[in-house]
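Novice: Based on the hints, put chain B in the right spot on chain A.
Sequence order for the protein chains is A and B.
For what it's worth, my numbering labels the leading residue of the first sequence as 291, then goes sequentially.
For what it's worth, my numbering labels the leading residue of the second sequence as 7, then goes sequentially.
These aren't lab readings, by the way, just hints derived from the structure by calculation.
A portion of the hints provided could be inaccurate.
Stated by the list, open to error - What the simulated footprint calls covered on chain B by chain A, stretch by stretch (three residues with Cβ under 8 Å from a Cβ of chain A suffice, anywhere in the stretch; the number is not a length):
| hint | region |
| --- | --- |
| 1 | 62 to 68 |
| 2 | 72 to 86 |
| 3 | 100 to 107 |
Claimed, not checked - Only pairs whose alpha carbons sit at most 27 Å apart, straight line, appear in this in silico DSSO-like list of lysine-lysine:
| hint | chain 1 | residue 1 | chain 2 | residue 2 |
| --- | --- | --- | --- | --- |
| 4 | A | K297 | B | K164 |
| 5 | B | K26 | A | K658 |
| 6 | A | K507 | B | K87 |
| 7 | A | K297 | B | K87 |
Small disclaimer: the values here were computed from a predicted structure and weren't measured.
Each residue gets a CB set at the ideal place from its N, CA and C atoms; glycine is no exception.
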Amino acid sequence: MNWMRVKGLMRKEVYEIVRDPSSIAIAFFLPLVLLLIFGYGVSLDARSVPVAVVVDHSTSLTASFLAELEHSPWFHPLHYPDQPSAEQAMMRGRVLAILWLRSDFTHLALSSGEAPIHLTLNGVDANQARIIQNYVNGSWQTWLQQQAALQGRPLTIPVVIDMRVWFNPALTSRDYLIPGLIAIIMTLIGALLTALVVAREWERGTMEGIMVTPVAKTEVLFGKLVPYFIMGMGGMMMSTVMAVFLFHVPLRGSLAILVGTAALFLLTALGMGLAISVLARSQFVAAMVAIVTTFLPAFILSGFLFDIRSMPRAIQVLTHIVAARYFVAMLQTSFLAGDLPSVILPNLCGLAILCIVFLGLSVLRFRKRLD
Amino acid sequence: MGVIVVKDLGKSFGKGPSRKGALKSVSFEITEGSMTALIGPDGAGKTTLLRLLAGILRPDSGTMRVLGHPLPAEALQLQTKIGYMPQRFGLYENLTVEENLTLFADLHHIPESMRRTRFDELLTMTALGPFRTRRAGRLSGGMKQKLGLACTLIHPPKLLLLDEASVGVDPISRRELWTIIRQQVAAQQVTVLLSTAYMDEAERCDHVLLLHEGEILAQGSPSQLIAPMAGHCFLLPNISTAPRTLQSQLARLPGVVDTAIQGDSLRIITEGVEPPALPPELSVHGPSKPVAARLEDAFVNLLFHRNSHRSVPQPMNPQTGSHDALVVEVEGLCRYFGDFAAVNHVSFSVRKGEIFGLLGANGAGKSTTFRMLCGLLPASSGTLRVAGANLRTGKAAARTRIGYVSQKFSLYGALSVLQNLSFFASVYGLQDSRKQDRIAWALEDLELKDYIAINAADLPLGYKQRLALACALMHEPSILFLDEPTSGVDPLARREFWARLNALAHSGTTCLVTTHFMEEAEYCDRLVLMSLGQVLAEGSPRAIKDRVRTANHPNPSMEDAFIALIEEHERVSRRAS
Numbered sequence: 291m292n293w294m295r296v297k298g299l300m301r302k303e304v305y306e307i308v309r310d311p312s313s314i315a316i317a318f319f320l321p322l323v324l325l326l327i328f329g330y331g332v333s334l335d336a337r338s339v340p341v342a343v344v345v346d347h348s349t350s351l352t353a354s355f356l357a358e359l360e361h362s363p364w365f366h367p368l369h370y371p372d373q374p375s376a377e378q379a380m381m382r383g384r385v386l387a388i389l390w391l392r393s394d395f396t397h398l399a400l401s402s403g404e405a406p407i408h409l410t411l412n413g414v415d416a417n418q419a420r421i422i423q424n425y426v427n428g429s430w431q432t433w434l435q436q437q438a439a440l441q442g443r444p445l446t447i448p449v450v451i452d453m454r455v456w457f458n459p460a461l462t463s464r465d466y467l468i469p470g471l472i473a474i475i476m477t478l479i480g481a482l483l484t485a486l487v488v489a490r491e492w493e494r495g496t497m498e499g500i501m502v503t504p505v506a507k508t509e510v511l512f513g514k515l516v517p518y519f520i521m522g523m524g525g526m527m528m529s530t531v532m533a534v535f536l537f538h539v540p541l542r543g544s545l546a547i548l549v550g551t552a553a554l555f556l557l558t559a560l561g562m563g564l565a566i567s568v569l570a571r572s573q574f575v576a577a578m579v580a581i582v583t584t585f586l587p588a589f590i591l592s593g594f595l596f597d598i599r600s601m602p603r604a605i606q607v608l609t610h611i612v613a614a615r616y617f618v619a620m621l622q623t624s625f626l627a628g629d630l631p632s633v634i635l636p637n638l639c640g641l642a643i644l645c646i647v648f649l650g651l652s653v654l655r656f657r658k659r660l661d
Numbered sequence: 007m008g009v010i011v012v013k014d015l016g017k018s019f020g021k022g023p024s025r026k027g028a029l030k031s032v033s034f035e036i037t038e039g040s041m042t043a044l045i046g047p048d049g050a051g052k053t054t055l056l057r058l059l060a061g062i063l064r065p066d067s068g069t070m071r072v073l074g075h076p077l078p079a080e081a082l083q084l085q086t087k088i089g090y091m092p093q094r095f096g097l098y099e100n101l102t103v104e105e106n107l108t109l110f111a112d113l114h115h116i117p118e119s120m121r122r123t124r125f126d127e128l129l130t131m132t133a134l135g136p137f138r139t140r141r142a143g144r145l146s147g148g149m150k151q152k153l154g155l156a157c158t159l160i161h162p163p164k165l166l167l168l169d170e171a172s173v174g175v176d177p178i179s180r181r182e183l184w185t186i187i188r189q190q191v192a193a194q195q196v197t198v199l200l201s202t203a204y205m206d207e208a209e210r211c212d213h214v215l216l217l218h219e220g221e222i223l224a225q226g227s228p229s230q231l232i233a234p235m236a237g238h239c240f241l242l243p244n245i246s247t248a249p250r251t252l253q254s255q256l257a258r259l260p261g262v263v264d265t266a267i268q269g270d271s272l273r274i275i276t277e278g279v280e281p282p283a284l285p286p287e288l289s290v291h292g293p294s295k296p297v298a299a300r301l302e303d304a305f306v307n308l309l310f311h312r313n314s315h316r317s318v319p320q321p322m323n324p325q326t327g328s329h330d331a332l333v334v335e336v337e338g339l340c341r342y343f344g345d346f347a348a349v350n351h352v353s354f355s356v357r358k359g360e361i362f363g364l365l366g367a368n369g370a371g372k373s374t375t376f377r378m379l380c381g382l383l384p385a386s387s388g389t390l391r392v393a394g395a396n397l398r399t400g401k402a403a404a405r406t407r408i409g410y411v412s413q414k415f416s417l418y419g420a421l422s423v424l425q426n427l428s429f430f431a432s433v434y435g436l437q438d439s440r441k442q443d444r445i446a447w448a449l450e451d452l453e454l455k456d457y458i459a460i461n462a463a464d465l466p467l468g469y470k471q472r473l474a475l476a477c478a479l480m481h482e483p484s485i486l487f488l489d490e491p492t493s494g495v496d497p498l499a500r501r502e503f504w505a506r507l508n509a510l511a512h513s514g515t516t517c518l519v520t521t522h523f524m525e526e527a528e529y530c531d532r533l534v535l536m537s538l539g540q541v542l543a544e545g546s547p548r549a550i551k552d553r554v555r556t557a558n559h560p561n562p563s564m565e566d567a568f569i570a571l572i573e574e575h576e577r578v579s580r581r582a583s
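Just chain A, same shape as in the assembly (with noise of 0.2 Å):
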């Protein structure tokens, strides 16, 4: 490798990079971007969900049970008159759940001590279903016990569950998406742009240029892979910047080993970048690709929102090939337990494994040919 002929292609590189509003804009914009959306716009919880609530018979003690839902912060309690109303509302998409007091209510609890409430949820999206169903169940539970230590008397549930949440104890389900989207963000610039900019050069028949002096394939991939490595970096370091200082994400492990496992993920992105860029000589073809092999597996298969362990098994084999699958656990570790070896050190072996796998393809494909 000639260092002259490299630093040529870098400098190159950057002066590209600097003078091209397109790249600002996939590396550092898209990014910035997401980490907004995700930061402050998405979110997994369930709160202020409206719910439509029917009281048959009002007295002091389904008073006292609506006054438990207005005051918790997941629900926004809607007052309907009777229960044909309420579903009227739940079928235009007014309210997600109805819940029903029956006019025996008061008179059951007081007499009895068990009364029945009559809960209706709208099951489209199930996962929200589930979520009010717990959130009802536990303001219940309180409510009860409430009542009970009002009359004196213990309350007699023989299982009593004693939660405590480790990692996450709020449960804010930002906490986790951001450091998931650093492995996103990575990947779009490694594995993305990487791919578009090389489809670009033999787009604009630069390339062929480049291909006729004495350069060898080692100079010019090494040529891209160094610019655009720091590149990804530096979009790693604003993406933790931003979450732990702005979005306040803990940031528990070292930072040595965030970067270390960071700096690893990018060379496997830019390995499939470059991989592509090989097999794809048009932008459009490029972007098609980068975006159905790399950046869609992160989003969807690397459990950076949805949980591998609930795919099927088919779907969990293939996670295996998905790089992003290892950072993201090694992400969510790093930020919200610490540098656990026995999560990093297996994560890390399989993003080693890929990142041979990707890069070798490369270097092995890649031909300083036209055909």
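Specialist: Quick look at chain B alone, frame taken from chain A:
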């Protein structure tokens, strides 16, 4: 031993039934220090051959030795010694002139100490010195080509491979490019192999290779190739009126291979050595004189005997109506892209039934003007009336009366000839019998019948051009716009195309054509010469040439006129500033 020794070289692209042979068993040798021109129509295999020689394609069969290196085995060693300039030389448009040079100096590992002198030398040679810090993307087409050449010359090569380095470049830059190449040959003993579409360039080389459909049709020195044409070329001088009509009449005479307008005369190539027998009604033009043959004559003759079938279009039914009416009026037309004036106060007018040319190099503003005329691009300022409609207000009205053939012919490649015709007929709102009539007309008159079921993408270039023309004529427009219709087409197909246009104009359709081939100006009734968004001159070809006719230069070509007018324009604008 030769610098390039090629034997039985073969190369195909594609897979399965669509596999096409780009080169079929090509053999030749090139000696050191010579200049060789590679000529042939588009798709003949010129670019494939140059890429094979540069070591960026692998041959399917045959052997190649370039500068003693067997290919493709020793491609890397070879690449330290050659300079190769691809068709669209890939300059990094975001890098400045100097940064582009530095990149290629780095890639060729030129020591820091030698760079200053080499850069200065190249920048002086290309006259790019004042633009060192300008980005390559903001240079004119000619300047880009010169910079591309400078980049390939940065490390003095032993062999220079140039792929259509001068095509589409303005005449002045073309002249400068040639001066640079000649200097290199003389001073450094560089061997040059260049492909070109300009016959005059090929004629200036030591050796010519004529490639056609992947085979070498002829090779030898220009004089060797021209020799068999001796006695077959005649000139019918001083035609005063309607040279185009006369040309199409002559083209149909038996024994005539080709006719071309050359200045005020008609050039005729015959099959025998006797002068063409003019029918009595044409004898008023006087006898034709034998003239010396040129390379283009030899080229046309070889291709003529290759393609046995050839069509001479018949004039179509003339339309009625006045021929003096102005159908296109352009006044003070401007178009800005950012602060860049692509079209700068352009004015001209076109009469009904005229063939009107917009001539200029790539980037002169021809296509931009065209797009505004067709209503595809709004004008920044100025007025334009097309077919009586103001395009700023009545676009739809004007559009039904115009036909547009875009650069590179926008046909649907995956549709057959018939499907393309049917589609365009429907787009123009033709129905039932009218649609059937027009499709039948297109298949008949443009001789597309034999290709009816073939997909447009698989058509030979000449037929693509015909199909594009047919599609644009489906609704019988009164004005036809053709953007660079002849670029890349071989001389024979170009002749045929102009004859077809001639027949169209004769029938009353106004034709507006852009071209960067200066000699094609002769086929126009009137034209504007454009440069850098401005009109240098407007008038008939003769009137424009008259402006630069002097005692020393009694018979200037359109290219001479262009160069003289640009130089005059620059003097005037410099004085003004």
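Novice: For every hint, state whether the structure bears it out.
Specialist: How the hints compare with the structure:
A stretch counts as covered by a chain when three or more of its residues have a beta carbon under 8 Å from one of that chain; for the region 62 to 68 of chain B and chain A the count is 3, and the coverage holds. Using a Cβ-Cβ cut-off of 8 Å, 5 residues of the region 72 to 86 of chain B lie near chain A, which meets the minimum of three, so the contact claim holds. Interface restraint, the region 100 to 107 of chain B with chain A: holds (3 residues with C-beta to C-beta distance below 8 Å; minimum three). Of the supplied pair hints, the one linking K297 (chain A) and K164 (chain B) holds, its CA atoms being roughly 26 Å apart against a limit of 27 Å.
Distance hint between K26 (chain B) and K658 (chain A) is fulfilled; the C-alpha atoms sit about 23 Å from each other, no more than 27 Å. At roughly 18 Å between alpha-carbon atoms, K507 (chain A) and K87 (chain B) fall within 27 Å of each other, so this suggested pair holds. A C-alpha spacing of about 21 Å is found between K297 (chain A) and K87 (chain B), which places the hinted pair at or below 27 Å, so the restraint holds.
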